[in-house]
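> Letter by letter, the chains look like this.
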Amino acid sequence: MSPMPDCRLPAGGLIDRNITLNFSFDGIAMQCYSGDTLASALLANGQHLVARSLKYHHPRGIVSAGLEEPSALVTVTDQYGSTPNLKVTEVVMRDGLTVTSQNNHPSLKRDYGRFLKLGGSALSAGFYYKTFLWPKQAWHKYFAPIIRNLAGQGRVDPTPDHAYYDKRRKFCDVLVIGSGPAGCAAALTAAQGGATTILIEQDHILGGSLLYTQDSIDGLNATDWAADTSEALHALSNVTVMTRTLAFGQYDHGLIQAIETGKDGDINRAIMWKIRARKIILATGAIERPVVFPGNDKPGIMLANAVCQYIRRFAVSPGTRAVVAVAAEEDRLRAIAAMQDAGIEIAAILSPGDQIISATGRLHVNAVTWKNDKGQRQRTKCDLVVMSAGWMPTAHIFAQMGEKLTFHAETQSFLPSLPEQSHHHIDPVGGARGVLHMDACLADGKASAHDAMADFNMHKHLDLPRPAVAPAPIQGFERGKGKAFIDFQNDVTTADIALAQREGYGHIELTKRYTTLGMGTDQGKTSWTNGLLEMLSISDMEAAEIGHTTYRPPYSPVSIGALVGTETGQQMTPIRHTPFHKGFADLGCVFQTSGDWLYSRYFPQPDETMAAAIKREALAVRNSLGCVDMSTLGKIDIYGADAMLFLSRLYCNDFSTLKTGKLRYVLMLREDGYVLDDGTISRLGEHHFHLTITTANAGKVWQYLKKAAMVDWPELDVTLTSVSDQWASLAIAGPYARDLLSALKPDFDVSPAGLPFASVRIGHLDGYPVRVFGVSFSGELSYEINIPSGYADALLSMVMEHGKAWNITPYGLETLDVLRIEKGHLSIGTEIDGRRTADDLGLGKMLSRKKDFVGRALSQRPAMIAGGRQQLIGLISEQDEPIPHAAHLSDTELDQNGCAESLGYLTASIYSPVMDHYIALGFLKNGRQRVGDTVWAHSPIAGQSIRLKVTSSCFYDPEGGRYRG
Amino acid sequence: MLLITCPHCGPRDESEFSYGGARRIWPDHDANPDQTETAMLDWHQTLYLSPNPSGPLTEIWYHGGGCECWVEIIRNTKDHSISNRQKGRAS
Chain A
1 MSPMPDCRLP AGGLIDRNIT LNFSFDGIAM QCYSGDTLAS ALLANGQHLV
51 ARSLKYHHPR GIVSAGLEEP SALVTVTDQY GSTPNLKVTE VVMRDGLTVT
101 SQNNHPSLKR DYGRFLKLGG SALSAGFYYK TFLWPKQAWH KYFAPIIRNL
151 AGQGRVDPTP DHAYYDKRRK FCDVLVIGSG PAGCAAALTA AQGGATTILI
201 EQDHILGGSL LYTQDSIDGL NATDWAADTS EALHALSNVT VMTRTLAFGQ
251 YDHGLIQAIE TGKDGDINRA IMWKIRARKI ILATGAIERP VVFPGNDKPG
301 IMLANAVCQY IRRFAVSPGT RAVVAVAAEE DRLRAIAAMQ DAGIEIAAIL
351 SPGDQIISAT GRLHVNAVTW KNDKGQRQRT KCDLVVMSAG WMPTAHIFAQ
401 MGEKLTFHAE TQSFLPSLPE QSHHHIDPVG GARGVLHMDA CLADGKASAH
451 DAMADFNMHK HLDLPRPAVA PAPIQGFERG KGKAFIDFQN DVTTADIALA
501 QREGYGHIEL TKRYTTLGMG TDQGKTSWTN GLLEMLSISD MEAAEIGHTT
551 YRPPYSPVSI GALVGTETGQ QMTPIRHTPF HKGFADLGCV FQTSGDWLYS
601 RYFPQPDETM AAAIKREALA VRNSLGCVDM STLGKIDIYG ADAMLFLSRL
651 YCNDFSTLKT GKLRYVLMLR EDGYVLDDGT ISRLGEHHFH LTITTANAGK
701 VWQYLKKAAM VDWPELDVTL TSVSDQWASL AIAGPYARDL LSALKPDFDV
751 SPAGLPFASV RIGHLDGYPV RVFGVSFSGE LSYEINIPSG YADALLSMVM
801 EHGKAWNITP YGLETLDVLR IEKGHLSIGT EIDGRRTADD LGLGKMLSRK
851 KDFVGRALSQ RPAMIAGGRQ QLIGLISEQD EPIPHAAHLS DTELDQNGCA
901 ESLGYLTASI YSPVMDHYIA LGFLKNGRQR VGDTVWAHSP IAGQSIRLKV
951 TSSCFYDPEG GRYRG
Chain B
1001 MLLITCPHCG PRDESEFSYG GARRIWPDHD ANPDQTETAM LDWHQTLYLS
1051 PNPSGPLTEI WYHGGGCECW VEIIRNTKDH SISNRQKGRA S
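Protein sequence lines, in the order shown, are assigned to chains A and B.
The first sequence begins at 1 in this note's numbering and counts up by one.
The second sequence begins at 1001 in this note's numbering and counts up by one.
Next comes chain A alone, as it looks inside the complex (with noise of 0.2 Å):
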């Protein structure tokens, strides 16, 4: 292998040669400097040809030196992994990466996707449309395999990425997006009249355009301006600086959306920032417009503004021998000054008018032909096409909120409107609204700021007219006949324009959609207008009527993983733990995720599985003594004179009588009458009541009843206070449970007249303030004990020292289910799934007829009251064998598709050790009336079908001597 050309110039740029830089480039070593671009970088290493193209595999280099980059997209490998379709031009150099070019098969020199072109029209825009119709089998079997293998740009890395991302906020008042002359003005401008600014720029350093001119301001190099003015608002305290920040995307009132890349050594490889300004000033710029002629997609045929980056900027020479074809005089003016400093022999320079017929050459194009304004045919041979056919303003971001742009005739471009309303949060300046010269923008970006100020009422302010924006080139150049691009990036051509044109794709939307224009991941930057102007020139519309597509952040792609952010993995949610989670640790629990909740499941002994831990916990409980924690429901304090009103109007059963110390269970149905919670009130004082909400529906009830205080009925006096975490619960269950509580020192009576079931007693244990509910889930007697949550550990231990006589034993979760399954108490989530009326779950007796609740007129509707409905029932096995979960119910055997008329089904099926066999939950239809009928359970996934007997929802102690003590 020959060595690579050194393409870099012996001085000049803003590169630090004293920090070289290595990386890799297929596979061959290259270097470069501290404060090149990938793309500076190839090029000064003569690297040219660096992609190919989408369609027609063409080879393909570097077209711009900005954002815009519609060619070069590359696959990059660092420490993290790799990242496909990055432009080159938005990488900035660091050390040791390897960069992959894309889409060729098997290199880039020779690629076989070539051989495309030969299908020549195949290919033409709708050819997916047209040509893969028939044979019928041939599209699966043959085409789409080669084309899916054919198409396409780089690779998604299949490997986890563990780079540290992150999500962060700031507030300012004016926010500058964009650091050229524009946005440098109207940030130093705000920042000097004390407006708190932040100023957005995607690349490295400020300055924009001002980096490669030679320009002054205020008779300073305004590249030299550029430096001071950004160390001045470095300095300034009310000013905050973020270069590498890329704003992808505006949203409601004020908000932009921007993803910060870190820099070598950061700790975040990227940080998504949502910044919300009471001003934007959009100073985004403009983009250069390619010339539209055939061969005009070949490597060396660069936009005039990036010649001139590259040599200014870079200290990068694209080429020795240059064709110029740009329509500006004065950008055409500044691109011959910078070549001819760059010691690049300059060919010809092309006359607005001319007729450009064709660009040639294999991989880098060596010759143009055109013809001059009077018709003669010339030929010369180059290695660089400089060419510019105008400006394009960079409005994407203020077009982002669904405001139109406007077609403007004298600039050829879509110019965003001038904000009159004082609703919009967005006034784009200088380039991006098509002002173009450097003293303009200067002077735009100022007088934007001004404005900014005057809508904030600030002292300092000034009434600065607004420039004007600047004419697009007289006259453009012509074309000859062949391929001529239009999408570099799509493969898109001015053919393809025409045929979507005669087939009647015409509105602008169907002719993206039909050709692909604009539709790479460059979202056609450098393609619209050229688009727009050539549907122009064949259609009879109005360059209104055309109109353009719509704009969608992000104006650029953005890395996914500052979008997620930290929340990933352990990390999407945070781990709730109750009161008593370190002294069930240390009892020896296990535990497991129940919402939020790292909730205790079982309390295994050494050697024991978990299916004996819950046999011995449940037979326990039954038999002599357990505890288990309560603290994950919802309670809440309520409080004041219309407490019970309140109450009365959101539960559907009647607790009128309630008195004070006692509770009740209560039911609530949502507005349309299905059934939401169960619970208890207590009745604490007059006014004063004790609520719980079931753990997983904790959060939602409290915001309804937030809700119902302050929207539906704020006449009522009620104060809602959520004790949920400020109470530690523990409910002690089993026969043994009064004496227990005996032991634990009470200041109150607990005799079973004193403490009978259904009550609540305020007191203190051994000292310790304690609210005590005479309630069962288990439907043992039992009793919840509250404590402050800061004493768990010291009623957890009293309660295991206390027990010991009774030889207590700590329960988790699976128990808790065995026993109130066995007594058909409801579930939350399992029974109570939000389909289920009051009287499908065997409560129908619970709705008032008394009292107006909220649930109860819509409850009344026809269908929710008719027979038929699924009714909750028990179910036990006939052979005694483990019940299928999930199972369906049904009258009949499966046929021989595996089918039956499915009646209802399982909700929940355990062995149940206190009756050593299994039992089930299920809702089947009529289920009430078909107690003693066998039914079959039929599960496909287990592979089952068993006889179940149907019995009362309630398998244990239905009479409830045993909770009543």
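Hint data in this document are derived by calculation from the structure and do not stem from the laboratory.
One thing to keep in mind: the hints can contain errors.
[Unchecked claim] Looking from chain A toward chain B, a few residues come up when the C-beta cut is under 7 Å (computed): (1) 253; (2) 707; (3) 857.
[Unchecked claim] Simulated crosslink set (DSSO-like; lysine-lysine; CA at most 27 Å straight-line): (4) A:659 - A:850; (5) A:404 - B:1078; (6) A:170 - A:446; (7) A:446 - A:371; (8) A:274 - B:1078; (9) A:274 - A:446.
We put the CB at the ideal spot given by N, CA and C, even for glycine.
Given the coordinates of chain A, work out where chain B should sit on it, guided by the hints.
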């Protein structure tokens, strides 16, 4: 992403709130305890046929990431401009 002014906490990001839908006025709870066709229709109307105008809409938002109060706002569904209707009521 809206900026919603909470009467207790000031202007806050939409992500601190959860949406409560259009503000609905439920049929009078205590006035009509008998189950009539009318009551059912009133409830049906309120629950299922909520307003969806192109223009100002009174709606409620729950400030779960702040004061845990419900906030009533008028949001113009055309351009998302928001005006606060009344002070939230602490409860």
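> Now tell me, hint by hint, if it's right for this structure.
The hints, checked one at a time:
A cut of 7 Å between beta carbons decides the hint on residue 253 of chain A: the least distance to chain B is about 4 Å, and the hint holds. Hint status for residue 707 of chain A: holds, given a least beta-carbon distance of 5 Å to chain B, under 7 Å. Contact between residue 857 of chain A and chain B, as hinted, is supported at the beta carbon level, the nearest pair being about 4 Å apart and thus within 7 Å. For the suggested pair residue 659 of chain A and residue 850 of chain A, the alpha carbons sit about 18 Å apart, so the restraint of at most 27 Å is met.
At roughly 15 Å between alpha-carbon atoms, residue 404 of chain A and residue 1078 of chain B fall within 27 Å of each other, so this suggested pair holds. Only pairs whose Cα atoms come within 27 Å are accepted, and residue 170 of chain A paired with residue 446 of chain A is accepted, the gap being roughly 23 Å. Distance restraint check for residue 446 of chain A and residue 371 of chain A: the Cα-Cα separation of roughly 45 Å exceeds the 27 Å cut-off, and the hinted pair is therefore not satisfied. The straight-line distance between the Cα atoms of residue 274 of chain A and residue 1078 of chain B is roughly 23 Å, inside the 27 Å bound, and the hint therefore holds.
This hinted pair checks out: residue 274 of chain A and residue 446 of chain A have alpha carbons roughly 25 Å apart, not beyond 27 Å.
Hint check: a violation occurs at hint 7 only; the rest are consistent with the structure.
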